[in-house]
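Novice: For reference, each letter of the sequence shown is one residue, going 1 to 600 in the UniProt record's numbering.
Take the hints with a grain of salt, since some may be wrong.
As the list claims (entries may be wrong) - Here are the simulated lysine-lysine pairs, DSS-like style, with alpha carbons at most 27 Å apart:
#	residue 1	residue 2
1	LYS358	LYS477
2	LYS174	LYS477
3	LYS151	LYS189
4	LYS313	LYS358
5	LYS493	LYS511
6	LYS214	LYS408
7	LYS358	LYS326
8	LYS511	LYS501
9	LYS151	LYS174
10	LYS122	LYS80
11	LYS217	LYS174
12	LYS174	LYS80
13	LYS122	LYS151
14	LYS217	LYS408
15	LYS493	LYS477
Rather than coming from a laboratory, the hints here were simulated on the basis of the structure.
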Amino acid sequence: FRPGADPYMQWFSQQQQVYVTEMFRQQQEVLQQQQAAMQQQQRAFMEQQEQLLRNVMTRINVQVPPNPEVILDSLANNIKEFRYDPENNVTFAAWYNRYDELFANDASRLDDPAKVRLLLRKLGMSEHERYTSYILPKTAKFFSFADTVAKLTSLFGTAESVISRRYRCLQIMKQPLEDYVTYACRINKACVEFELPKLSEEQFKCLVFVCGLKSEKDAEIRTRLLCRIEERADITLELISEECQRLLNIWHDAAMIEEQVAAVQALDSKPKFPRKQFKSGPAGDRAKSGRSGPDTACWLCGGMHYARDCSFKAHECTDCGLVGHKEGYCRSAEKVRKKYVSTKVVKVNTCSVEDRRKYVPVVMNRTSVRLQLDTGSDITIISTGTWRSIGSPPMSTTSVVAKTATGKPLGIDGEFWCEMVVGGRKSSGLVRVTSQPLNLLGSDIIDSFGLWSVPLDTICHLVETSTTTTTNVDALKAEFPHLFSGELGLCVKTKVKLELKPEKSPVFQPKRPVAYAMYQAVDEELDRLERCNIISPVDLSEWAAPIVVVRKASGAVRICGDYSTGLNDAQWILFEQRCDKIKKCQVFYQICHIRVILGS
């Protein structure tokens, strides 16, 4: 307001200002009331919507109740039946790991008894019988789902120990025909089964210590140490070494006690029947015994009396010049005259062990060979001759030290990888080569082909071998098949040149008559010889020789050329002369009928 203005106007302005202020205040109160009413209506609407949704869900749950049997049937169709096969690593843990999410999520609406029924429904017949027998006298309904899974995992788990899995992990090698992805998968699985987080530094030292005990004399110590490692988780290398020393001390003490007991028994032993001692005495003693004379003759004269009563005690022997015995009873002569003949009867039972050996036909490097089935051999071995017969594949330095059953070292020339076919199955295997005549199919190839569960008669052939000579001949035939084939050989190393003597002229001998019944057989034999390039037809020749037809025992005919042109030009020697020539011979040979190329 301006100073000096009209008082009335000042009062009017104040009243107007108060009125406007009051009007704004009332409007604000009305707006606040409307806003509160709208919020209350909105909350009521939301509560109504929530109640409506709850009613709808309740009606849905009431109208469609869950059916456990339908869910069980639906899930059972998606689960494969469990068959326990520890040799192929098919265990319950591996099977359950595949369906773990199904039991946790898809079967979440089922209660524990329903899950147990579903789990037992998918067990095989023998597996279900084994589990029910394992939990007797209780039944499956007394165990929860978690307890059932734990019992099945323990009952149908792997039989391999942790140490065995760890040792197998350290021995993994890449196969020649294996790709790197498959090799990486095997490494990953083996390392997980190794349980590296659970392995302490001391346990790893103990594992390396035991793996180094490969000698046969350490076999018992190795077994006891493995038991200690399995029993104690806090095992250390120091405890292992102390255990070894303790075992050695125990064995030494036991051997010492055994030797002492044997010595005491030797000192305390007395003859069961003591020697008979002759004592001189009166004749009445002999009468009491009921005997009138000695059992044996006197060694001084041969009479039936005691030596003390012999009358030749003072006699001088004319043979040896000594006094005290009769002629012919000299001790020196007796020693020379007596000859002790020792007769020993030995009973020898001979049996042909080779008749019971079983051989497996194996296709190795595209060549068929026979290997003797030997489940006691850890490696597969072939001889050098067999190695040559399959093409002499390149070898590498051997990675093992082999020993025979007697403990003697077996020389290994090398080893190589090759593809093998056994019983229609194809796989690769490591084969060792030795200079010894051994062809053995070991347990490594048996494991590779899974032949432990296969009947032997399906893959083996029983080979009867009477003598070693037959085996050697078969080996030579296998090593040189072309040499022992039925085909006619051909010498290509040299050529033969036939020289005609200057004074000789061509000889043409007429043919000999052949029986009519032999015509067809002779023609067929001539055709066969022509097909084999043994003879060839000619139109004209200055030389000619007749043939001789001989009937064989089989009914076929043999055709021979009669090249004799003079009488008694090539006579046969007598049989006695032939025997006289070969009586001191050691090496014999047989004439080889082989073709030779004629030179010009």
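Novice: Which numbered conditions among the earlier hints are violated in the structure presented, ordered from lowest to highest?
Specialist: Hints 2, 4, 5, 7, 9, 11 and 12 contradicted; others consistent.
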